[in-house]
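As you go down the protein sequences, you meet chains W and A in turn. Counting from 18, one number per residue, gives the positions in the first sequence under my numbering. Counting from 36, one number per residue, gives the positions in the second sequence under my numbering.
Rather than coming from a laboratory, the hints here were simulated on the basis of the structure. Be a bit skeptical, because a hint or two may be false.
Simulated restraints, written as ranges between beta carbons of each label pair [claimed, not checked]:
1. A:64 <-> W:133: 16 to 22 Å
2. W:135 <-> A:178: 29 to 35 Å
3. A:343 <-> W:133: 38 to 44 Å
4. A:76 <-> W:104: 32 to 38 Å
Calculated cross-link-like contacts (lysine to any residue; reagent style SDA-like; alpha-carbon spacing at most 20 Å) [what the hints assert, rightly or not]:
5. A:192 <-> W:21
6. A:190 <-> W:18
7. W:104 <-> A:203
8. W:104 <-> A:206
9. W:104 <-> A:58
10. W:19 <-> A:190
11. W:104 <-> A:190
12. W:58 <-> W:111
13. W:19 <-> A:194
14. W:19 <-> A:200
15. W:19 <-> A:198
16. A:192 <-> W:102
17. W:19 <-> A:61
18. W:19 <-> A:196
None of the values given here were measured: they were computed from a predicted structure. Backbone N, C-alpha and C define an ideal beta-carbon position, used for all residues, glycine too.
Here is how the chains run, residue by residue.
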Amino acid sequence: MKYMLMIYEDQAPYASVSQEEQGALFQRYISFTNDLHTEGKMLGGDALEPSFKATTVRLKDGKRLSTDGPYAESKEQLAGYYIVDVKDIEEATAIAERICRLHTWNHAILEVRPVMVIEA
Amino acid sequence: MVARVIESVYREERSRILATLIRWSRSIDDAEEVLHDAFAAASVKWPGEGIPAKPGAWILETARNRLIDRRRVEVRRRELLAQHHPTALVVDRSEPEVLADDILRLFFTCCHPVMSPEAQIALTLRTVGGLATPEIARAFLVPEATMAQRIVRAKAKILDAGVPYRLPCAEDLTERVERVLKVIYLIFNEGYSQMRQDLSFEAIRLGRLLNEWLPGEAEVEGALALMILTHARRDARMDDAGRLVMLDEQDRGRWHSDEIAEGVGLVERALRRKSLGPYQLQAAIAAVHCEGTDWVQVARLYEELLRFDSGPVVRLNHAVAMGYSCSWEVGLRLVDAIEDLGEYQPWHAARAQMLLRAGKAAEARVAFETAIELSRNSAEREYLIRVQATTNPA
Chain W
18 MKYMLMIYED
28 QAPYASVSQE
38 EQGALFQRYI
48 SFTNDLHTEG
58 KMLGGDALEP
68 SFKATTVRLK
78 DGKRLSTDGP
88 YAESKEQLAG
98 YYIVDVKDIE
108 EATAIAERIC
118 RLHTWNHAIL
128 EVRPVMVIEA
Chain A
36 MVARVIESVY
46 REERSRILAT
56 LIRWSRSIDD
66 AEEVLHDAFA
76 AASVKWPGEG
86 IPAKPGAWIL
96 ETARNRLIDR
106 RRVEVRRREL
116 LAQHHPTALV
126 VDRSEPEVLA
136 DDILRLFFTC
146 CHPVMSPEAQ
156 IALTLRTVGG
166 LATPEIARAF
176 LVPEATMAQR
186 IVRAKAKILD
196 AGVPYRLPCA
206 EDLTERVERV
216 LKVIYLIFNE
226 GYSQMRQDLS
236 FEAIRLGRLL
246 NEWLPGEAEV
256 EGALALMILT
266 HARRDARMDD
276 AGRLVMLDEQ
286 DRGRWHSDEI
296 AEGVGLVERA
306 LRRKSLGPYQ
316 LQAAIAAVHC
326 EGTDWVQVAR
336 LYEELLRFDS
346 GPVVRLNHAV
356 AMGYSCSWEV
366 GLRLVDAIED
376 LGEYQPWHAA
386 RAQMLLRAGK
396 AAEARVAFET
406 AIELSRNSAE
416 REYLIRVQAT
426 TNPA
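Between the sequences and the hints, there should be enough to build the whole structure, so can you do that?
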């Protein structure tokens, strides 16, 4: 089954931790992603730029309204995602746990969603 | 005769047959429907053809044939639409016909941690217990439509989120068994606090089923013993006028002594396994109450229980036991040290009783007032009003 793992991360600590520590987190992600490839579970994924660079678009009175910032102003913001192919929800949540553990100086919350199977 | 046999097969074997059908079909809905069809077929055929030698096996076989028929029709329909999803449609016959532990798979799937506790309870009562949705809705005081939606969503989550239909691995077993016990015990408690004996009885039935298929687990035995021992006092909880009677004033002649003997035997067996847990300790406490309440021993057991659960409810019970075994002043000090129980009725009720026993009538009266306001059932409320009346200055 395919699952999307959405990474919601507390971005505030970025202001106070060193470049080295940020780089180390990035390195942990790279090696984790390689592991996921090797295990044959990785279908895709990306890291996202910080949420202050987000633009939110909606229709207002039939016209496009673009606003600066993310859709929801919560403490944790969407920071990246993986699409994985695994046997069941237990495997998917186990991968999500591994991602949580990559974070040492901030915390991440993972939302795991099955990808819908569209029948033609 | 036929109706009696069908009823007994339904009661004794339904959940196990359903569990097997779910493994074959990978769908709770399909399994429930073909099982329903099979029971309907039995009530039509058995009166004329006679009751089969193994009625349960007949039901399973008939239900399986229905399942295969349905899948064939579905495959044909999809072929006509030029769609191919063969794996989702095949009846899985690679595995043995009946696995003894199918019922456990069903328990673990219904109580899977990816679902909310409410969904786990509803689904367990519906599929393992075989209760109808309106019954479950009544038991949990929610509208029928809400409960129906809760069950539909839970089934959809199992199917679409890929909740596996298998036994947990050895390292997860303890935690997953704990989840199942929690669901069963919540059902029991709901029955107990609402004085709904049918619901308490259903929880005990589920506990027995789990203990039968997962033998040798100390906490499963402990939870079952706890429920049996609590339930054994049901007929003494109220007097003939429907008024609540506290434990130490109950007529022990109304306790079910055979059930107490069973419960005590279970908890003793569990404790001998040397794998102590919170259910065993609570069962041990219940057993001490049944044998004439030695409060020093009860206080000691609560102290032990605090090592597993230092939450406010256990602390409250420990405080009460200390009140009885030590002094009401000590008990009150412990009660007042508990925080976060502002709206919890038993805290106010226990505190009021202790104040009364400690000779502080005026303070007790105020505490009773709050406890009465927060009461959930009328028997409890009437009891408190009666006791409060004794605090009135002569």
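Do the hints match the structure? See the list:
no. : hint                        : result
1   : A:64 <-> W:133: 16 to 22 Å  : holds (19 Å)
2   : W:135 <-> A:178: 29 to 35 Å : holds (33 Å)
3   : A:343 <-> W:133: 38 to 44 Å : holds (42 Å)
4   : A:76 <-> W:104: 32 to 38 Å  : holds (36 Å)
5   : A:192 <-> W:21              : holds (15 Å)
6   : A:190 <-> W:18              : holds (17 Å)
7   : W:104 <-> A:203             : holds (14 Å)
8   : W:104 <-> A:206             : holds (19 Å)
9   : W:104 <-> A:58              : holds (16 Å)
10  : W:19 <-> A:190              : holds (19 Å)
11  : W:104 <-> A:190             : holds (18 Å)
12  : W:58 <-> W:111              : holds (12 Å)
13  : W:19 <-> A:194              : holds (13 Å)
14  : W:19 <-> A:200              : holds (18 Å)
15  : W:19 <-> A:198              : holds (13 Å)
16  : A:192 <-> W:102             : holds (18 Å)
17  : W:19 <-> A:61               : holds (18 Å)
18  : W:19 <-> A:196              : holds (9 Å)
Consistency with the previously given hints is maintained throughout, with no hint failing.
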